[in-house]
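> Quick note, the sequences are listed as chains A and B, same order.
Using my numbering, the letters of the first sequence correspond one by one to residues 1 to 501.
Using my numbering, the letters of the second sequence correspond one by one to residues 1 to 173.
Rather than coming from a laboratory, the hints here were simulated on the basis of the structure.
Don't take every hint at face value.
What the hints assert, rightly or not - If the Cβ cut is set under 8 Å, some of the chain A residues that face chain B in the computed set are:
hint	residue
1	Lys166
2	Ile170
3	Glu187
4	Gly193
5	Gly318
6	Pro411
7	Ala464
8	Ser465
Values in this document were obtained by computation on a predicted structure and should not be read as measured data.
We put the CB at the ideal spot given by N, CA and C, even for glycine.
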Amino acid sequence: MFNKILIANRGEIAVRVMRACREMGIKSVAVYSTIDRDALHVQTANEAVCIGEAPPGESYLNIDSIMDAVRTTGAEVIHPGYGFLAENHLFAERCEKDGIIFIGPNSKAMKLVGDKIASRKVIEEAGIPFIPGMKSKSTSVGKCIAEAEKIGYPVLLKASAGGGGKGMRIARSKEELAPAVEAGMRESQSAFGDPSVYLEKFIEQPRHIEFQVLADNYGNAVHLFERECSIQRRHQKIIEETPSTALNDDLRRRMGETALQVVKVSGYTNAGTVEMLLDRDMNYYFLEVNARLQVEHPVTEVVIGIDLVHAQIRIAAGEKMWLKQDSIKQNGHAIECRIYAEDPENNFLPSAGKILFMKEPSGPGIRHDCGVYSGYEVSVFYDPILSKLITWAPSREICCKRMAAALADFPLLGIKTDIEFLREAVSHPEFAAGNTFTDFISANMPSWAPSADDNILNNALIAASVYSKYARKSPSFSKSTAELPTPWQEIGDWQIAGGSG
Amino acid sequence: MEQEFTYQEKIHTVKLDADNEESPKADSFKASIEDKQFKFNVSRISDNCFSIILDGKSRIVYAAESEDNVFVHLDGRVIKLAKADNDQKKFAGDSLAFGVKDEISTPMPGKVVKVLVAEGEKVEAGQSLVIVESMKMENDIKSPTNGSVKSIHFKAGELVEPGQPIIKLEPED
């Protein structure tokens, strides 16, 4: 087994991977940018190396700097997490060239499935159903407009080099398309270092169903069933669950077989996800392969009972597939809510600042993959995901209630988050009914604002005055040092001796 | 002890006094807000955590403060109260999409991606003025009013600090 793994990422996913390393007796190395010195992943690792300045291009996307850190620490393996370099086939190739093991798919399969256009060609040849779209990526607005005419509006613009909703926009007409392409290219360049975009037909009110797959390096693969990821804002998922209320056993079996077929024809290895769209008539279409461990992997872990990061590490170490498809079963129900530093009252725009106080929810069936802590300063440079809250229960009904209770029990003060919004979403009758489509938020909770009745306000005012009263009493109480006068301020006007001549 | 807090632009006054009834391991208080009276006891669990029993209802309350605000968490809700000596500042909210009538700025650091208007240009309420990037997401800042662009202070590629006016408008009367 490996001796030391360098995690080329940050935040909650880096912490989660380090946990797996610790459990497997493997040392972990954190890399961090100058602004991330106080980040939780730096504190969690066994060793830590600073790799550059705050902007991702200078640190977390800086391949040379990361490979230097690999050399100085003697790590023989890299885990890329999600985002950043996780789906960068040049990075995977560099690892292969330098004799460093990359925990993820082989670079050839990664390159193929990462090129959304090229992979669709392979899928088409294998007879797997897919969504009509552009046959090649582009950085030209004119080309996109021409292709959109062929595909037919509405179209969906996506970044070719990565996911996470970055660069994604819907355009319903030619007038909407040009600015959408420009903005999408800029976001894609910023997030992945590659501005290429492509278009596909936009399917109205689809359900987004994805299958988790695991493949060893010898051609053996299993799927670990589906995740339903339909609740999204800005084309980014915020609530995921498994099993999906949309599937019956037969559809599930067929989609699972399709997922394995995709793995086979693409030569994919290690952990990945086959994304599909389900339309209102229960037809499914291959969308793309996500060649990485995904944000929402925990819901699969708690329902199937398998640690996916452990599995990734074992496969990367050359172990032959030890799981049998027949013995993989779904048990109970799981929901994940993504906790973001965002303001749901204002179009989910990012909210930076200091977390003055937070307390993580806990209890039976509650898992919290967290990347932040009380006192931590959330910056503007990186994805605003703070943590993931996952609940498991024997039934979906209890799972929803458990999630709502956990979200209510999660104080996070100082910055805006989507915690209250999420609680209302999982408590919404449409969610309870399982009517989760990608337009769930705009259809059921447009222009959401927290409900503030007088009762809550009065109790909050009482609490605030009680807090302030106790705060004044105790001199060691945490207060911003800016409020205490310093000797320099008390002296009065002063200047450097000698004058300015 | 009297304290003032501002919530959604309205000032609320809380009068808090010790209640002389004894209660083991807890402090008893009386409070009045406008014309309502409350009696409750408080057990301080930590700097940021209190147990409050009011009218038999037991709650755990979390609170923390910054220079300008006190944040409270109770019943699954976060309420942000501005401290009394905080004048009605430039920031009416926490989003990027606001501005005082004539000054467009952002409440957090970001980078100007594209300025969509020119000096002297007439603008309408809701019209996009500038695109600013924060946390890898681009945000369209729209004009809060009809009027015209008085001056532009930043160009594409420049970094902006919170509160720095990016564009100044001349609102229509």
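> Taking the hints in turn, state whether each one holds.
Status of the hints after comparison with the structure:
1. Look at Lys166 (chain A): its Cβ gets to within about 7 Å of chain B, closer than 8 Å, so that hint holds up.
2. The beta carbon of Ile170 (chain A) comes no nearer than 15 Å to any beta carbon in chain B, farther than 8 Å, and the hint placing it at the interface is violated.
3. The closest approach between the C-beta of Glu187 (chain A) and any C-beta of chain B is roughly 6 Å, which is under the 8 Å cut-off, so the hint is satisfied.
4. At a threshold of 8 Å, the smallest CB-CB gap from Gly193 (chain A) to chain B is about 12 Å, leaving the interface hint violated.
5. Among the interface hints, the one on Gly318 (chain A) is violated; its C-beta lies about 36 Å from the nearest C-beta in chain B, farther than the 8 Å criterion.
6. A hinted interface residue such as Pro411 (chain A) counts as satisfied when its beta carbon comes closer than 8 Å to some beta carbon of chain B; here the least separation is about 4 Å, so the hint holds.
7. Of the supplied interface hints, the one on Ala464 (chain A) holds, with its beta-carbon coming within about 4 Å of a beta-carbon of chain B, less than 8 Å.
8. Because the closest C-beta pair between Ser465 (chain A) and chain B is about 4 Å apart, less than 8 Å, the hint holds.
Of the numbered hints stated above, those contradicted by the structure are hints 2, 4, 5, listed in ascending order.
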